[in-house]
Structures are given as C-alpha cells and as structure tokens.
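Undergrad: Could you slot chain B onto chain A? The hints should help.
Chains as they are written, first to last, in my numbering: chain A, 100 to 210; chain B, 20 to 133.
Watch out, some of these pointers could steer you wrong.
When the alpha-carbon atoms are kept at most 25 Å apart in a straight line, the in silico DMTMM-like pairs for lysine to aspartate or glutamate are as follows [stated by the list, open to error]: (1) B/K76 <-> A/E114; (2) A/K101 <-> B/D82; (3) A/K144 <-> B/E20; (4) B/K61 <-> A/D192; (5) B/K61 <-> A/E102; (6) A/K141 <-> B/E63; (7) B/K76 <-> A/E102; (8) A/K144 <-> B/E63; (9) B/K61 <-> A/D181; (10) A/K144 <-> B/E22; (11) A/K101 <-> B/D90; (12) B/K61 <-> A/E104; (13) A/K144 <-> B/E121; (14) A/K101 <-> B/E104; (15) A/K101 <-> B/E75; (16) B/K102 <-> B/E121; (17) B/K76 <-> A/D181; (18) A/K141 <-> B/D105; (19) A/K101 <-> B/E20; (20) A/K101 <-> B/E22; (21) A/K141 <-> B/E121; (22) A/K101 <-> B/E121; (23) A/K141 <-> A/E104; (24) A/K101 <-> B/D105; (25) A/K141 <-> B/D82; (26) A/K141 <-> B/E22; (27) A/K141 <-> B/E72.
Covered by chain A, per the in silico footprint, the following chain B stretches (three or more residues, Cβ under 8 Å) [as the list claims (entries may be wrong)]: (28) 61-67; (29) 74-82.
Chain B side only, calculated, beta carbon under 7 Å to chain A, not exhaustive [claimed, not checked]: (30) P89; (31) D105; (32) R117; (33) F124.
In case anyone wonders, no lab produced these hints; they're calculated from the structure.
All C-beta atoms in this analysis are idealised placements derived from N, C-alpha and C, irrespective of residue type, glycine included.
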Amino acid sequence: RKEVEQDPGPFNVPEGATVAFNCTYSNSASQSFFWYRQDCRKEPKLLMSVYSSGNEDGRFTAQLNRASQYISLLIRDSKLSDSATYLCVVNEDNAGNMLTFGGGTRLMVKP
Amino acid sequence: EPEVTQTPSHQVTQMGQEVILRCVPISNHLYFYWYRQILGQKVEFLVSFYNNEISEKSEIFDDQFSVERPDGSNFTLKIRSTKLEDSAMYFCASTLGRSYNEQFFGPGTRLTVL
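Looking at chain A on its own, in the form it has when it is part of the complex (with noise of 0.2 Å):
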C-alpha cells in the first residue's frame, strides 16, 4: 500500500516565523513530488513541485531526498495568509498517475 505520512500539526507559529515540514513517502518508484497547499473546506492548490535538486519560490523552499523517501518545505518570514493546510504529494506514476496525499500539516499564522 503507498502511504505518504505527514505530523499533522497543528504548528502555530507567530508572523515573521520559519517553520519547516516534512513527509515521507512509501513508494520508492514514485518519480515526482509536490507541495499542495488546502485552505479550510477548498479544493487543493499546487504550491511548488519538488525536485531532487531541491527547489526555491520566494520564501519557500523545496527538498527532496530519494534515499531516504522523505520531503521537505520551509517557509521563511510566514505571513497571516500562509495559514492553511500543507499537503505532501506523491505522484505515483503508474499508468492511471494518481496522487497519492499525505494527510496534511496544518499551519496557523498568528500576529
């Protein structure tokens, strides 16, 4: 069974705060990875895709690492808005590429 396993928070952090989250992912065939992000009740929002290289969007930050089947993402300086929902994401690659989620770390960002 493919498992992507998350702490699910939640982590309150005040603004101007960094905070890092990580994931790890069962299915060492899985090729690509992404950083959704859900607010409450909403559909979910790519926020970054995630490459082995490890990648940066502003104050955001990707990292993967395959040999240990584990993802993370940091947030430089949060702000009130990044409260949400962070979601692991693992595309399986199969024939029907499915996602599979991570059960998501809640973020909340207080003033």
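TA: Below, chain B without anything else, positioned relative to chain A:
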C-alpha cells in the same frame, strides 16, 4: 486563467438514490481525475480517465461508481446507489500531460447522503 469547474457545489440526497456529479475540465487537458475527501481525512484517489477510458481506479471505485465523458467538455461521476459513507467532498482534476504536470483541481462538490 482557465479553471476546472464543478456542479453542483452541494448535493443532498437520500441513501439509495443515484447522483451525478459534473465537471468541466480545462479545455486542452487530456487526463481527468476524480478524488474524494471525507471530512477531516486525506484526499483519496478514485479514478483516472484518458482517451475515453479508465486508466486506473482505486479500491474505493467499486461497481456503484462510473465515469463518463458524454461530450467534448463534461466529465461526470455517477454513484448509482448512494450510501451514508459516500458523504464527502468530491474533487475533479485535470492535467495536460503525465507525471510532472500539475493536476488542477475544481472547487469540489460536497455530497451529503442522509
């Protein structure tokens, strides 16, 4: 910006009734998906659809479920005889290509089975 749309936003039905959830994927996309999310739980894959046939389906997607692309724009999920445990948010998604391409999600249909 093109987006995936879904109707209705909320559907309430009686147990045992049939429901059809509708989606309009992004127009040039080729791969279509249904996912569901029971309140407080993970988003779960149901089915993927490409070239007018099912590519893959999960164990959730049993004989009570079916999908169809009746015309060039709509993509539907039918549940023949709803159960209480079918109550969830159902998300449609579409993507242009495989693996590395972002799957764009619609706003979801909240299905409540009474």
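Undergrad: All hints, please: hold or fail.
TA: Hint check results:
1. B/K76 <-> A/E114: The given pair, whose Cα atoms are some 42 Å apart, is violated under the 25 Å limit.
2. A/K101 <-> B/D82: Holds - the C-alpha atoms of B/D82 and A/K101 are around 23 Å apart, at most 25 Å.
3. A/K144 <-> B/E20: Answer holds: A/K144 to B/E20 is near 14 Å, not above 25 Å.
4. B/K61 <-> A/D192: Satisfied, since the Cα-Cα distance of roughly 19 Å is no more than 25 Å.
5. B/K61 <-> A/E102: holds (11 Å)
6. A/K141 <-> B/E63: Since the Cα atoms of A/K141 and B/E63 sit roughly 15 Å apart, the hinted pair holds (cutoff 25 Å).
7. B/K76 <-> A/E102: OK: B/K76 and A/E102 at ~16 Å, within 25 Å.
8. A/K144 <-> B/E63: Status holds; Cα separation ~15 Å.
9. B/K61 <-> A/D181: It holds: about 20 Å lies between the C-alpha atoms, which stays within 25 Å.
10. A/K144 <-> B/E22: Given that 25 Å is the threshold and the Cα spacing comes to 12 Å, the pair holds.
11. A/K101 <-> B/D90: At roughly 34 Å apart (the allowed maximum being 25 Å), B/D90 and A/K101 break the hint.
12. B/K61 <-> A/E104: Holds: B/K61 and A/E104 sit about 10 Å apart, inside 25 Å.
13. A/K144 <-> B/E121: Holds: A/K144 and B/E121 sit about 9 Å apart, inside 25 Å.
14. A/K101 <-> B/E104: holds (22 Å)
15. A/K101 <-> B/E75: Within the cut-off at roughly 15 Å; holds.
16. B/K102 <-> B/E121: Given pair B/K102, B/E121 is violated - Cα atoms ~32 Å apart, limit 25 Å.
17. B/K76 <-> A/D181: At roughly 33 Å apart (the allowed maximum being 25 Å), A/D181 and B/K76 break the hint.
18. A/K141 <-> B/D105: Distance ~18 Å between A/K141 and B/D105 Cα, so the pair holds.
19. A/K101 <-> B/E20: Violated: A/K101 and B/E20 sit about 33 Å apart, past 25 Å.
20. A/K101 <-> B/E22: Status violated; Cα separation ~29 Å.
21. A/K141 <-> B/E121: holds (17 Å)
22. A/K101 <-> B/E121: Within the cut-off at roughly 20 Å; holds.
23. A/K141 <-> A/E104: holds (21 Å)
24. A/K101 <-> B/D105: holds (22 Å)
25. A/K141 <-> B/D82: violated (28 Å)
26. A/K141 <-> B/E22: Holds, at roughly 14 Å.
27. A/K141 <-> B/E72: violated (28 Å)
28. 61-67: holds (count 6)
29. 74-82: That given contact holds, which follows from 4 residues of the segment 74-82 of chain B lying within Cβ reach (below 8 Å) of chain A.
30. P89: B/P89 check fails; min Cβ-Cβ to chain A is 21 Å, beyond 7 Å.
31. D105: violated (18 Å)
32. R117: Holds, because the Cβ-Cβ distance from B/R117 to chain A comes to roughly 5 Å (cut-off 7 Å).
33. F124: Result: holds, 4 Å to nearest chain A Cβ.
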